[in-house]
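Quick note, the sequences are listed as chains C and S, same order.
Take 1 as the starting number for the first sequence in my numbering and just add one per residue.
Take 1 as the starting number for the second sequence in my numbering and just add one per residue.
Calculated from the structure, these hints are not laboratory results.
For every residue, glycine included, the Cβ atom is placed at its ideal position computed from N, Cα and C.
Where hints are given, some of them may not hold.
As the list claims (entries may be wrong) - Not the full set, but computed from the structure, chain C residues with beta-carbon under 10 Å of chain S:
#1 60
#2 102
#3 105
#4 111
#5 130
#6 155
#7 158
#8 160
#9 177
#10 179
#11 246
#12 248
#13 250
#14 253
#15 321
Unchecked claim - The list that follows gives simulated cross-link-like pairs (lysine to aspartate or glutamate, EDC-like), each with its CA atoms no further than 16 Å apart:
#16 C:33 with C:305
#17 S:112 with C:104
#18 C:263 with C:206
#19 S:112 with S:52
#20 C:27 with C:302
#21 C:252 with C:178
#22 C:131 with S:25
#23 C:131 with S:167
#24 C:263 with C:23
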Amino acid sequence: MELTPARHLDMLRSMIRIRLFEETAGKLMEAGKMPGFLHLYVGQEAVATGVCEALRVDDYISSTHRGHGHLVAKGGDLSRMMAELMGRAGGYCGGKGGSMHINDLKLGMLGANGIVGAGVPIAVGAGFRNKYLGTDQVSVAFFGDAATNIGAFHEAANMACALHLPVVFICEHNMYGEYTPTEKAMVIADIVDRAAGYGMPGVIVDGMDVLAVHEATLEAVARARRGDGPALVEAKTYRYYNHHGIQNLGLKYRPDAEVLAWKERDPIFSFEQRLLDGGIATRDEMDDVWAGVRATIETAIEFADSSPFPEPEALLTGVYTRSNS
Amino acid sequence: MSDRTISYVNAFTEAIQLEMEADPDVFIAGEDVGAHGGVFHTFDGIQARFGERRAVDTPISEQAIIGLGIGAALTGLRPIVDLMFMDFVLVAADQIANQAAKLKYMFGGNAKLPLTITTTGGAGLSAAAQHSQSLEAMFCHIPGLMIVYPSNAHDVKGLMAACIREDNPTLMVLHKRMLGQKGIVPEGRYQLPLGVANVARQGSDVTVVSWGKMVNDSLAAADQLAAEGTSCEVVDLRTLSPLDIDTVVTSVRKTNRVIVAHEAVRFGGFGAEVAAQIQEYAFDYLDAPVGRIAAPFTPIPFTPALENIYLPDANKIAAGIRETLARPLLAT
Numbered sequence: 001m002e003l004t005p006a007r008h009l010d011m012l013r014s015m016i017r018i019r020l021f022e023e024t025a026g027k028l029m030e031a032g033k034m035p036g037f038l039h040l041y042v043g044q045e046a047v048a049t050g051v052c053e054a055l056r057v058d059d060y061i062s063s064t065h066r067g068h069g070h071l072v073a074k075g076g077d078l079s080r081m082m083a084e085l086m087g088r089a090g091g092y093c094g095g096k097g098g099s100m101h102i103n104d105l106k107l108g109m110l111g112a113n114g115i116v117g118a119g120v121p122i123a124v125g126a127g128f129r130n131k132y133l134g135t136d137q138v139s140v141a142f143f144g145d146a147a148t149n150i151g152a153f154h155e156a157a158n159m160a161c162a163l164h165l166p167v168v169f170i171c172e173h174n175m176y177g178e179y180t181p182t183e184k185a186m187v188i189a190d191i192v193d194r195a196a197g198y199g200m201p202g203v204i205v206d207g208m209d210v211l212a213v214h215e216a217t218l219e220a221v222a223r224a225r226r227g228d229g230p231a232l233v234e235a236k237t238y239r240y241y242n243h244h245g246i247q248n249l250g251l252k253y254r255p256d257a258e259v260l261a262w263k264e265r266d267p268i269f270s271f272e273q274r275l276l277d278g279g280i281a282t283r284d285e286m287d288d289v290w291a292g293v294r295a296t297i298e299t300a301i302e303f304a305d306s307s308p309f310p311e312p313e314a315l316l317t318g319v320y321t322r323s324n325s
Numbered sequence: 001m002s003d004r005t006i007s008y009v010n011a012f013t014e015a016i017q018l019e020m021e022a023d024p025d026v027f028i029a030g031e032d033v034g035a036h037g038g039v040f041h042t043f044d045g046i047q048a049r050f051g052e053r054r055a056v057d058t059p060i061s062e063q064a065i066i067g068l069g070i071g072a073a074l075t076g077l078r079p080i081v082d083l084m085f086m087d088f089v090l091v092a093a094d095q096i097a098n099q100a101a102k103l104k105y106m107f108g109g110n111a112k113l114p115l116t117i118t119t120t121g122g123a124g125l126s127a128a129a130q131h132s133q134s135l136e137a138m139f140c141h142i143p144g145l146m147i148v149y150p151s152n153a154h155d156v157k158g159l160m161a162a163c164i165r166e167d168n169p170t171l172m173v174l175h176k177r178m179l180g181q182k183g184i185v186p187e188g189r190y191q192l193p194l195g196v197a198n199v200a201r202q203g204s205d206v207t208v209v210s211w212g213k214m215v216n217d218s219l220a221a222a223d224q225l226a227a228e229g230t231s232c233e234v235v236d237l238r239t240l241s242p243l244d245i246d247t248v249v250t251s252v253r254k255t256n257r258v259i260v261a262h263e264a265v266r267f268g269g270f271g272a273e274v275a276a277q278i279q280e281y282a283f284d285y286l287d288a289p290v291g292r293i294a295a296p297f298t299p300i301p302f303t304p305a306l307e308n309i310y311l312p313d314a315n316k317i318a319a320g321i322r323e324t325l326a327r328p329l330l331a332t
């Protein structure tokens, strides 16, 4: 299906929203305004965007510790996200979850997750629900290459296939599990090889190419929607920053030249070039997108800054739900 | 609505069937729960009645079983997921303790997790160290979970129904050696409130606090002591978390002496929490230290020759009560 120029600009906007949100968050952290851990998604924007643009608002996603991009791409509110990262009452979780637990159940975003691989079984549960109720919704599990070395991933992948559930597995292969190169943690180069072990199709895509990710996801999602079961999409991508925080060069565990080489293939700038070359969008139109997102980010910072910290009594609320039916 | 005598396990199954009849969002999933009906027949006949869609055999994948329940509960269903043996709960510990228990809080209260996890605990079947444990204390330590351990057929039906209707994740523990125990159980649906203890026997000289199978052993001990002229009050906690400490304290204020009896290892056991709260809330009423009858600090042995020594029972509880009663009051 041919995408309209407007849809191309939507994808560009989504990627820019992720990039600017993340870089702003990183700067706020450096300025001491953001407590805790910050796992930035910069570099991987084409994956979340390409995938979520293939989903409906009522489809579910589960996410990872590097989860801001997934929520942004699913339609998350940047103001409430920024407030959450700053521990404010106006944040998505009232300041009680932070970066690693950000979520929006109304958007079907079932949560970032502080435990590697742990979101995958939860996505399978949402997929079970879809099949159980006979809806045509799908459920997407985002996870990294390193998560495929943990038991929860294997259990969940096998169960989704055994129960024939509408689940799409999206592996963001960003070359590193925290501070260790993936090649030291597994002897296979492609995660997609693991899909065959569970009897589902798998495909490798260029994770720096939003249209390639989108196209592959559309196919996997269509398959799941029509009841043909799970599939795995492996997106080869790269995170520009450190596992945590905003340092990008001079890291002991990866060469600077590698970072610079991946940045040459930047998902946003390369997409802009394609839009220009294809006559799909003008420089002015794209500059307007950047300006619009910058304004949204300014609003988000103001919202977060002016949002109060939670009251002390919030400490003990929400441990249990009080609305039994 | 008439009462009949049925077994603990049948009462459990009946609660599930009635809730499944009443609510199409309730389903069961777990290892062997379908055609086989569960290794202890806890789910007998459910698949035959409700079909494979609502009684789902899963792979042997404890983390994914709980994850399936969490994802389904977060998105509006009311799952019952089974872990067969309580020892296997540890295989799924992340999904239970880090995910199910905490999602609501981490999400700022914006989530509902009506998830029931069922399992069987307890020793006495020569099932050795990995199929016999009573691990309730570990999960009572996790905020966000509710831990339920019924002691009789009537309670198991009402408490299981309450777990299914509960909007928070519950861990329902059945004791393997009670499955065949008969009791008078009403027909039809009913619930017992979670977090409310039951005074299973009224008494005036000493209180025994217990849960699960040990309530039965405590009642047997109380019978023994009645013959010796001692009047024991037995408090069945029913739910360990949330803990109904008020009922315990009320009893202790009356009897002034108390022991806690549980099947789990004594060191770090839930009895320690009960004892600590008794001294916090009823210290001035105590005429003796809070006693504890529990298992020794060792894995559970296989051979009956050792397992019988390991297990707390009515005789050990009775001995503990006598010891507590024998302690003289300090001179004033």
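Outcome of the hint check:
no.	hint	in the structure
1	60	holds (6 Å)
2	102	holds (9 Å)
3	105	holds (6 Å)
4	111	holds (7 Å)
5	130	holds (8 Å)
6	155	holds (4 Å)
7	158	holds (6 Å)
8	160	holds (8 Å)
9	177	violated (17 Å)
10	179	violated (22 Å)
11	246	violated (24 Å)
12	248	violated (29 Å)
13	250	violated (34 Å)
14	253	violated (26 Å)
15	321	holds (4 Å)
16	C:33 with C:305	holds (9 Å)
17	S:112 with C:104	holds (13 Å)
18	C:263 with C:206	holds (14 Å)
19	S:112 with S:52	violated (26 Å)
20	C:27 with C:302	holds (15 Å)
21	C:252 with C:178	holds (12 Å)
22	C:131 with S:25	holds (12 Å)
23	C:131 with S:167	violated (22 Å)
24	C:263 with C:23	holds (15 Å)
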